[in-house]
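A.B. asks: This is what each chain is made of:
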Amino acid sequence: MGLYRGTMSYARFFVRGDLPKTYQDRFMEAIRLRVFRELDPAEEIDQRAGWAACDTPFELDLTYDKVFFNNYLNLGLRIDTWRIPRSLFKAAFQRAEREVLAQSGEQKLSRAKKKGLEAVLKSRLRRKVIPAMRVFDLSWSLEEGVVRFFSGSPKVQEQMAELFEKTFDLELVADGIYLGAEHAEVDAATLVRLPKLSPLEL
Amino acid sequence: MELIDRIENSRFLSREFLLWLWYESDRLEGRVEIDDDEFVELWFEETLVLTDASTEVRLKAPMPTVTPEAFEALRQGKRPALAKIRISRGTQSWSFTYKAETTSLSGLTLPTELKEENDDSFFERIQLAEQLEAMMAQLLARFLALRTGRSWGRSLLPKIQAWVEQH
Numbered sequence: 001m002g003l004y005r006g007t008m009s010y011a012r013f014f015v016r017g018d019l020p021k022t023y024q025d026r027f028m029e030a031i032r033l034r035v036f037r038e039l040d041p042a043e044e045i046d047q048r049a050g051w052a053a054c055d056t057p058f059e060l061d062l063t064y065d066k067v068f069f070n071n072y073l074n075l076g077l078r079i080d081t082w083r084i085p086r087s088l089f090k091a092a093f094q095r096a097e098r099e100v101l102a103q104s105g106e107q108k109l110s111r112a113k114k115k116g117l118e119a120v121l122k123s124r125l126r127r128k129v130i131p132a133m134r135v136f137d138l139s140w141s142l143e144e145g146v147v148r149f150f151s152g153s154p155k156v157q158e159q160m161a162e163l164f165e166k167t168f169d170l171e172l173v174a175d176g177i178y179l180g181a182e183h184a185e186v187d188a189a190t191l192v193r194l195p196k197l198s199p200l201e202l
Numbered sequence: 001m002e003l004i005d006r007i008e009n010s011r012f013l014s015r016e017f018l019l020w021l022w023y024e025s026d027r028l029e030g031r032v033e034i035d036d037d038e039f040v041e042l043w044f045e046e047t048l049v050l051t052d053a054s055t056e057v058r059l060k061a062p063m064p065t066v067t068p069e070a071f072e073a074l075r076q077g078k079r080p081a082l083a084k085i086r087i088s089r090g091t092q093s094w095s096f097t098y099k100a101e102t103t104s105l106s107g108l109t110l111p112t113e114l115k116e117e118n119d120d121s122f123f124e125r126i127q128l129a130e131q132l133e134a135m136m137a138q139l140l141a142r143f144l145a146l147r148t149g150r151s152w153g154r155s156l157l158p159k160i161q162a163w164v165e166q167h
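In order, the protein sequence lines correspond to chains R and S.
Take the first sequence: its letter number 146 is residue 146 in our numbering, and every next letter is one higher.
Take the second sequence: its letter number 89 is residue 89 in our numbering, and every next letter is one higher.
Excised from the complex, chain R in its bound form (with noise of 0.2 Å):
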């Protein structure tokens, strides 16, 4: 459901300012440097997101023949997510957890050596596992200034903005009946009046 085949769905978000004049370069330069990184199991972070090219979500080596599609900028946001199966991670807690009492000699763990024991648990069987990928299309049309971005999801499209703007340094602002009707250029008397009016009744 995206970009390059079957059904489309997506949200439209409107990019606020202007382009800078040679955007290219500098784009290709922050593309980089957001572009998506495996997870480690080492790290303490659940989840990362960050760029890759559009439809081939393992091409990291982004150049610009893979994101410049003539006047749109494709890419795609990716984004990994260590998932330890509940079942798994409780049996394994459990197991640790008297061994440690065993060891100490204590009836009851504290809450803060429960957090280091999950964390230290967690790190270990991440390298067990393998991240859950997500990746969503994102299609910017850099004349019209319009991004088209194949996830519904409030969350996802959250992330996307915040990553969006961080990359580019320029405002992301979701569509609606009034940025839709400045996008389809009413005419600025009809704008003023439409945060004034009051909903019809039946």
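Any given hint could turn out to be false.
Selected chain S positions facing chain R (in silico; Cβ < 8 Å) [to be verified]:
{"hint": "1", "residue": "S104"}
{"hint": "2", "residue": "T109"}
{"hint": "3", "residue": "P111"}
{"hint": "4", "residue": "Q127"}
{"hint": "5", "residue": "M135"}
{"hint": "6", "residue": "I160"}
{"hint": "7", "residue": "Q166"}
With a straight-line Cα cutoff of 27 Å, these simulated BS3-like cross-link-like pairs (lysine-lysine) come out [as the list claims (entries may be wrong)]:
{"hint": "8", "chain 1": "S", "residue 1": "K60", "chain 2": "R", "residue 2": "K196"}
{"hint": "9", "chain 1": "S", "residue 1": "K159", "chain 2": "R", "residue 2": "K155"}
{"hint": "10", "chain 1": "S", "residue 1": "K84", "chain 2": "R", "residue 2": "K128"}
{"hint": "11", "chain 1": "R", "residue 1": "K155", "chain 2": "S", "residue 2": "K84"}
{"hint": "12", "chain 1": "R", "residue 1": "K90", "chain 2": "R", "residue 2": "K66"}
{"hint": "13", "chain 1": "R", "residue 1": "K115", "chain 2": "R", "residue 2": "K90"}
{"hint": "14", "chain 1": "R", "residue 1": "K166", "chain 2": "R", "residue 2": "K21"}
{"hint": "15", "chain 1": "R", "residue 1": "K196", "chain 2": "S", "residue 2": "K99"}
{"hint": "16", "chain 1": "S", "residue 1": "K84", "chain 2": "S", "residue 2": "K99"}
{"hint": "17", "chain 1": "S", "residue 1": "K60", "chain 2": "S", "residue 2": "K84"}
{"hint": "18", "chain 1": "S", "residue 1": "K78", "chain 2": "S", "residue 2": "K60"}
{"hint": "19", "chain 1": "R", "residue 1": "K128", "chain 2": "R", "residue 2": "K114"}
{"hint": "20", "chain 1": "R", "residue 1": "K114", "chain 2": "R", "residue 2": "K90"}
{"hint": "21", "chain 1": "R", "residue 1": "K108", "chain 2": "R", "residue 2": "K122"}
{"hint": "22", "chain 1": "S", "residue 1": "K159", "chain 2": "S", "residue 2": "K99"}
I should point out that these hints are in silico values taken from the structure, not numbers from a laboratory.
Idealized CB from N, CA, C, for every residue including glycine.
For this one, chain R is given, so just place chain S on it according to the hints.
C.D. replies: Same frame as chain R, now just chain S:
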């Protein structure tokens, strides 16, 4: 007024836009004008969701906008929030689910498609999607011109009220 306030204060109009599309499609038997002497066929199909602040009515039917439940929901103060729509122009036809609040499209089926998945298919697909967006933008501009115009309260609103009442 700040942009965020203008966006928030206008938000309810997105559902009124969907209601107007419904009214126009019903009144004109699907032949809706998008610009001077330029028409498309616009039909509501299969799914219609109407909501108010606390409840929703979800209708599944071949033509949900002709059901008594749909008009009863309007009379109760609910407004269309999501609808499956088909727009045809000439030999081309787009089918999609439109979510009013975010003006987002899902399940968009495009008129034609290249078999190969390559750069050409990207350009073809995005251009077809943009054509649909342009038609929706024309319809939105027409609705907003009417909604903010002087004839709205005098002429069009009473007609819409009568239309809701008679069903």
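A.B. asks: If a hint holds in the structure, say so; if it doesn't, say that too.
C.D. replies: So, going through the hints one by one against the coordinates:
1. S104: S104(S) check passes; min Cβ-Cβ to chain R is 4 Å, inside 8 Å.
2. T109: Where the cut-off is 8 Å and the nearest Cβ of chain R is about 5 Å from T109(S), the hint holds.
3. P111: violated, 12 Å
4. Q127: violated, 10 Å
5. M135: violated, 11 Å
6. I160: Check passed: Cβ of I160(S) comes within 7 Å of chain R, closer than 8 Å.
7. Q166: violated, 12 Å
8. K60(S) <-> K196(R): Given that 27 Å is the threshold and the Cα spacing comes to 35 Å, the pair is violated.
9. K159(S) <-> K155(R): Given that 27 Å is the threshold and the Cα spacing comes to 41 Å, the pair is violated.
10. K84(S) <-> K128(R): violated, 44 Å
11. K155(R) <-> K84(S): holds, 24 Å
12. K90(R) <-> K66(R): Distance of about 43 Å is beyond 27 Å: violated.
13. K115(R) <-> K90(R): Answer holds: K115(R) to K90(R) is near 13 Å, not above 27 Å.
14. K166(R) <-> K21(R): holds, 19 Å
15. K196(R) <-> K99(S): Since the Cα atoms of K196(R) and K99(S) sit roughly 23 Å apart, the hinted pair holds (cutoff 27 Å).
16. K84(S) <-> K99(S): holds, 9 Å
17. K60(S) <-> K84(S): With a Cα-Cα distance of about 10 Å, the restraint between K60(S) and K84(S) holds, given a limit of 27 Å.
18. K78(S) <-> K60(S): holds, 17 Å
19. K128(R) <-> K114(R): holds, 21 Å
20. K114(R) <-> K90(R): holds, 12 Å
21. K108(R) <-> K122(R): holds, 21 Å
22. K159(S) <-> K99(S): Given pair K159(S), K99(S) holds - Cα atoms ~25 Å apart, limit 27 Å.
Hint compliance for this structure: hints 3, 4, 5, 7, 8, 9, 10, 12 are broken, all remaining hints hold.
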